[in-house]
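Undergrad: So the chains spell out like this:
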Amino acid sequence: MGYPPEILLEAVANGLLMGAVYGLVALGLTLVYGVLHIINFAHGALLTLAMYAAYVAHGAFGLDPYAAMVPLAGLFFVLGYLVQRLVIGPASRGDDSNMLLVTLGLSIIIENAMLAIFRSDTMTLRLPYAMSMVEMGDVLLSLPRLIGFGVTLLVALLLFVLMTRTDTGRAIRAVAKERTGAALVGIDVAHIYAVTFGIGTACLAIAACLLLPSFYVSPRVGNAFVLVAFTIVVLGGMGSVTGALLGGLFIGVVESLSGLYFGDSLGQIGIFLIFILVLLLRPTGLFGARA
Amino acid sequence: MTARETLPILGFLIGAVLVSLFVTSNVVLNFLVFTLILAIAAQGWNLLGGYGGQYSFGHAAFFGMGAYVSAILQQRFGVNAYPAVAFGIAAAAVLGYAIGAMVFRAGLRGSYFALVTLAFAEVLRILANATEITGGAAGLLISLNLGAGNLQFADRSSFLILGAVLLALAMLITLALEKSRLGAQLVAVRENESAAAALGVDILAVKLRAISLSAALTGAAGALYAQYFLYIDSNIAFGTWISVEALLAPIIGGAGTVFGPLIGALILQGLSEGTKLLIGKIPGLDLIIFGVLLILVVRFPLHRIPGLLAARWRGKGAP
Amino acid sequence: MTGQGRDPAFLAVRDLTKRFGGLTAVSEATFDVREGSITGLIGPNGAGKTTLFAMIAGFEQPSAGLVLLDGEEITGRKPHDLAKLGLARTFQIVQPFAGLSVRENIAVGAFLRLPKRRDALALAEQVGQRLGLGPQLDKPAAALTVAGRKRLEVARALATRPRILLLDEVLAGLNPSELRDFLPVLQDIRAGGVTILMIEHVMQAVMSLCEHVHVLAGGRIIASGEAAEVVRNPAVIEAYLGPGAAQRLAAHA
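Chains as they are written, first to last, in my numbering: chain A, 1 to 291; chain B, 1001 to 1319; chain C, 2001 to 2253.
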């Protein structure tokens, strides 16, 4: 069981870096939950789609994932906006289980469209810096993960500014707090819902670009992230942005350490167990009891 | 439950027997057996999801439990197929009760119930993939040992009858539930938990009974799958595919109705095979269609008001 | 039931208190409901009436205080246990079980004491007829009008064969003729031996139905007594109309 402290420290540090990107994925999910009050089951599939988009951007246009980040974020904002406006909104008609089923349907469609186009092989980008390490004191840190960490913080900061300093941000917060009231003062709730969903999807595009240099793509890759993201969101408190970031860091470390001790395949169990435990042990009022 | 109410189920059984007598194409028989297995699994989901309104995203947990327990008992402990299948079903029911006891006691419902059941199924999938007794990633073969005494048949038409009998049994159980106190209480819980509690319905007890029964049926489907294909692995037995199809079939065919799961399973498998025939074998294409269908059914609900339909039925049937 | 030496309070509420965080919704509410009576619980909006009901019927845990039914302490018991003991309630927002017919809706209540479907449906039919739902028994419950839903709400509760029925604004939203039709139904229920405690805003109904009224305002019971006498109580008038209202009314008279 005993690992030397540098290895543990390195595992923790790399877990933190990976956790930041998890936090970014969770950020989109928690934002959508906080405003629309829906569990977006298609979140993982949308991440998969974004990763393929970044993969294709590299393959077809020679675009480095980091360079593709901004255009893809824009593209996915529009995509998210339209999906909410044209599919999820009209199909679910405000009903909880309808939303669950519609987003499940979306995830099935996206996942299998990727399977039909790209087949089930896992693919990786071979980028010169993918394996680059940065030495910090005693520990070696992966360069792509370090960049991911930095960009996540930047995105969080931008979101914070957006939410507090712009009219759109204020409208989003108004809708999150009191939908009917917001509608009464003339806020277009359907538009704000779609904008929020768009922002959540744009976060995924950025996360995809950050993941791609060091992570593989496959049609089911989003599945690995979706429960992680849900765990983080539940852990950090549904709708809480700081909770998503802190939860992401925590889960990153847990995953890294349980991978170290139990191996990669069993290490995944740790996350599911935490997810189950968190759901079971949090006071019921916070969760199921929404009347 | 009156004789008249069981007539459609009897009709289905007779139809299945006729098909088994006259259809010789292995492709068609294979299609039908698989559809029946799916319909049984879906009937299990329907009890909890359709009647009880608790949408599980993890019924693979019960399917896999039924499949693995019966397969392991036969293969590793030399137990005869019949008791092995019975133990598989019982194990699935116990698992259902255990998950329900944790999850319902914690008050999880709606999206949280869906997610937590999915997580349980995934935990089991990873465990089955990593432990020795399940055959790990290589999976588990049940040795070929043909004979009715071992619940193995050389011809697919025997399996068709076996599957049809099991499904008919599942439909009878569902019909009996629909006409029972538990069924009425379950629908009351689905519609409004507070109002049900005020009328003396013990919500936790009702949900626990429903999830145990539901798990048992889906577990039976898993055991039948293992018996038919004589091979399972973690991605088959505990994979998301069965969770998704067990949910899709009742929702598309009519959740909270006796025949909904069978109708849905026929539609799903028909679409799946139809696209393969028409367009060729493109992986994932059938599931894309399922996804579109799911969204359309939710968007344009035709039969998601089973009470209304049922009431109209009764109105017509009344003398 | 011997009826000998029994506390006249069939339902006794003692110092019942509910705090949500820093807010006290109900504060030391104490009152009695006599067996066989129709007792009213009135008060301005936001007085805490529904919270009080929820505590009595086991839907909210009280922060302090006791509830006794026929001398037995029932504080904080689960709703379904209370239903078994004979305490049934209706809800202000009526929501029939949408997937079921009117008859089946009532049968959910009847199943509490009758495990067999045939018996439960027979009782449901009987209760439905009694509440004037006869023609609608086979219709989907979702198709009922507001007045029909209110009747269904009472019918479901009554089918549990309660000893005491807690009615939360069953008369709200009815038009005058529906109201006129409904009052005898409630009197008939009481005549059948069921004690009734009702939250009500329709004062006309309270005056004609309730022999005893408790007034809740700001989470406290501020008056108790006969209906006619309570509505003349200055404290009650002020609770409804604001400070000084009683004096102004007196000056006008």
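Quick caveat, the hints were computed from the structure, so don't treat them as lab data.
Values in this document were obtained by computation on a predicted structure and should not be read as measured data.
There could be a bad hint or two in this list.
[Stated by the list, open to error] A short, non-exhaustive set of chain B residues, derived as facing chain A with CB atoms under 10 Å:
| id | residue |
| --- | --- |
| 1 | Leu1010 |
| 2 | Gly1011 |
| 3 | Leu1115 |
| 4 | Val1116 |
| 5 | Ile1288 |
Ideal Cβ positions, reconstructed from N, Cα and C, are used throughout, including at glycine.
Undergrad: Report holds or violated for the interface hint on Val1116(B), using the least CB-CB distance to chain A and a cut-off of 10 Å.
TA: Cβ of Val1116(B) sits 5 Å from chain A, so the hint holds.
Undergrad: Once the shortest beta carbon distance from Gly1011(B) to chain A is found, is it less than 10 Å?
TA: This hint is violated: Gly1011(B) lies away from chain A, its Cβ roughly 31 Å from the closest one there, beyond 10 Å.
Undergrad: Is the interface hint satisfied for Leu1115(B)? The criterion is a beta-carbon contact with chain A at less than 10 Å.
TA: This interface hint holds because 6 Å falls under the 10 Å limit.
Undergrad: Mind checking the CB of Leu1010(B) against every CB in chain A and telling me if the closest is under 10 Å?
TA: Cβ of Leu1010(B) sits 33 Å from chain A, so the hint is violated.
Undergrad: Hold the hint about Ile1288(B) up to the distance rule: shortest CB distance to chain A must be less than 10 Å.
TA: Since chain A brings a Cβ to about 5 Å from Ile1288(B), closer than 10 Å, the hint holds.
Hints 1 and 2, counting from the list given before, are not met by this structure.
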